[in-house]
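Asker: Sequence:
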Amino acid sequence: MGTGRLLSQASMPLLRVSDGVPRAGIAIIAMLVLAGLDLVGALLARRWAHGGSLLWFGAGVACFALLFWVYGSSLRYADLIPVTFGWIVALQVGLMLIDSVRSAGGIATGRWIAAVAIVILEGYLLFSSDTG
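In this note's numbering, the protein residues as written are -2 to 129.
Hint data in this document are derived by calculation from the structure and do not stem from the laboratory.
Because the structure is a prediction, the values reported are computed rather than measured.
Think of the CB as a built atom: it goes at the ideal place given N, C-alpha and C, for glycine as much as any other residue.
Estimated spans, in silico, between C-beta atoms of each pair:
#1 78 x 47: 34 to 44 Å
#2 77 x 8: 16 to 26 Å
#3 11 x 107: 41 to 51 Å
#4 90 x 121: 15 to 25 Å
#5 109 x 22: 21 to 31 Å
All chains should be modelled from the sequences, with the hints used to inform the complete structure.
Answerer: Below, the structure written as structure tokens:
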């Protein structure tokens, strides 16, 4: 049996959700989970970069593998563009909120306005493109 055939037969089951759950709800939950996994993976990568421990490396690889699995599973229920866009937005807002908690003074209004403008422009670029 060839390697190509063996690899094509290997299968990792996708996450399944009951038919009663609205697809929009699934997409929103997926966006938030993806943003959370992305943030945790980034923090693990930072720990690995500063300490070089194989424990942090393995945890980061596992986190991003889980992220990939959730992302692929979410595409069964929602379109690529909204899920990806929502993931980016949730991650950006989460990072800004974390930064505001870390800095005692909070985040300047101008930075929030810039973030909102970027999200609106990204949304325009993604949702206005001709896909076929």
